[in-house]
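Visitor: Residues per chain are reported as follows:
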Amino acid sequence: MSQTAALLESIIPNVASKWPVYFRSIAETMVMVGISGAIAFAIGLTLGVTITITRPGGVMPRPLVYHTIDKLVNFFRSIPFIILLAALIPLTRFVVGTAIGVKGAIIPLVFGTVPFFTRQIEAALAEVDAGVIEAAQSMGSSTTGIVFRVYLKESLSGIARGTTITAINLIGLSAMAGAVGAGGLGDFAIRYGHQRNQLDVTYVTVLTLVLIVNIIQAIGNGAARCARK
Amino acid sequence: MIVLQNISKSFPSEGGGSVEAVRNVSLRVGKGEIQGVIGFSGAGKSTLVRCINLLERPDAGEVFVGGVELTALSDGDLRAARKKIGMIFQQFNLFASRTAWGNVAYPLQYSMTRADRAEKVAALLRLVGLEDKGDAYPSQLSGGQKQRVAIARALANEPSVLLCDEATSALDPQTTLSILRLLKELNVKLGLTIVVITHEMQVVKEICDRVAVMENGEIVEEGDVFSVFAAPKKQITRDFIDTTSNLSKIHALIAERSPLVRLKPGERIVRLRYVEKNVSEALISTISRKFDVNANIIFGDIEFLGGAPIGGLIIIVSGQEDRIESALSFLRSRNVSVEVISDEPDRRAA
Ligand SMILES: Nc1ncnc2c1ncn2[C@@H]1O[C@H](COP(=O)(O)OP(=O)(O)O)[C@@H](O)[C@H]1O
Ligand SMILES: [Mg+2]
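Protein chains in written order, with this note's numbering: chain S, 1 to 229; chain P, 1001 to 1350.
Quick caveat, the hints were computed from the structure, so don't treat them as lab data.
Just to be clear, a hint being listed does not mean it is correct.
[Stated by the list, open to error] Simulated crosslink set (DSSO-like; lysine-lysine; CA at most 30 Å straight-line):
id: 1; chain 1: S; residue 1: 153; chain 2: P; residue 2: 1234
id: 2; chain 1: P; residue 1: 1234; chain 2: P; residue 2: 1249
id: 3; chain 1: P; residue 1: 1264; chain 2: P; residue 2: 1184
id: 4; chain 1: S; residue 1: 153; chain 2: P; residue 2: 1083
id: 5; chain 1: S; residue 1: 103; chain 2: S; residue 2: 153
id: 6; chain 1: P; residue 1: 1189; chain 2: P; residue 2: 1234
id: 7; chain 1: P; residue 1: 1249; chain 2: P; residue 2: 1264
id: 8; chain 1: S; residue 1: 153; chain 2: P; residue 2: 1133
id: 9; chain 1: P; residue 1: 1233; chain 2: P; residue 2: 1264
id: 10; chain 1: P; residue 1: 1205; chain 2: P; residue 2: 1264
id: 11; chain 1: P; residue 1: 1249; chain 2: P; residue 2: 1233
id: 12; chain 1: S; residue 1: 153; chain 2: P; residue 2: 1205
So here's chain S without its partners, still in its complex pose (with noise of 0.2 Å):
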């Protein structure tokens, strides 16, 4: 054990003088990741039905809510999130009361995640047949019938699956908003790794952020093939 401890001590020496402040890190850009992926991944959905069943041809169409919801999403896409992250300063101050730490990043990162995951949920529910709702539609189904017993549940896979690409995304915008204060591995590997010069602690960063994204991956994978039955 401390033979290992000794081996790290050598190789990753400013690591190794901080784990505690390593492991901080990680926790919170999980913290992070979770709150604002939860987030996002409730009001995405919603914002992906929606636009899929208010479309011109939709199961309810309502080309009002369409357009805005798709102007919109168009909006908050165009934006590059580090230009999207200073811009959103007040609101997050106002909603949460301040604009840096985690706390501070939660919002920034629900906007830069909504309109992508949005567009991942509006081309998962494109790939269900237009026949088989229109059976659904024949047999009475009610919208709500038709949203949760055939949209959601024939593309469950793809919804797995634009889960998995928007988490992944989620975790690169995490690091882009620790590099600003918001703590995390970002803020870890710029102020220590960059900032202090200490390149066994960027490449121990990028370990771990490539680590994770696996893990995500190999998570998204099987659920996809779980839900493909």
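Chain P with the ligands: place on chain S using the hints.
Guide: Chain P with the ligands in isolation, oriented as in the chain S frame:
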């Protein structure tokens, strides 16, 4: 059972104008009848049948099913009414994420207890001959089996009407026949009123009591299957008859100067068609005997529709000119349609 009154439906078209998919169509389908609607692709058949359960809302006209005016119902009432109108499709449209059992159970979900539902689904699967396929996913079933699942699903709420939009068009001839037999059986057993949309003459011949011929969004001809096909009034109806009859092959044979149809002077190629239900005499031997002409049958295509022969023969008649004339008028007097296709002797033969 079904009454369509002056139904019209147009769609905006690519160019900015509009396509009139269905124009002012009226149709009545009696209880327990199998009504065919035949037409070429783009004739408006699917649009028409989708107007019956209002998957497509007509721009004008009224739709009644079982005495209820669907076009006047609220959304909620319409959904309830749709449960009593089953529909099956060319592409089956099964839920890929559900087993055969799950597909059939889908429309029953809220309306009954678990045990009742299980019993009902089992009975439906038995009805369509798939009692042992309940656990199979659609991807594990053949086309014919998928359509059987779709039929069971469509019948789950015990509808009085079943709409079939090209339900056999994706199936091979053998499977088509087995599905058509099943539909006929359901028609008899359950008193189900069935509307069958198709572009295949065979389907109409096999199970329909009545047929409507559609062209450019309009019903151009309608009646019981025998009358419509025995005495077609419109060119398009004749075209459909020709798709399954080999009587029209004669023109190809003449065009390619087949030795089969080379005429000697005085000979004629004649097409005879049965247009009445009461043809039972042995007409060919009668004319040979009575008028002393020879009738050489090139080919025939006679089948039975509703117990009466329909179709006809292509013959080459030879004999004295006036005898041939009397023989042909005799046939006409027996309600056989007589058409002289060619009386030109082949020059090389002459
Ligand atoms: N949803 C639609 N939007 C635009 N045009 C349509 C739509 N449905 C049908 N049409 C047009 O209406 C006409 C009739 O189509 P359809 O009823 O599908 O014919 P059929 O089933 O006899 O092949 C075609 O010209 C088709 O292009
Ligand atoms: Mg069609």
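Visitor: Which numbered hints are broken by the structure, listed smallest first?
Guide: Numbers 1, 3, 5, 6, 9, 10 and 12, in rising order.
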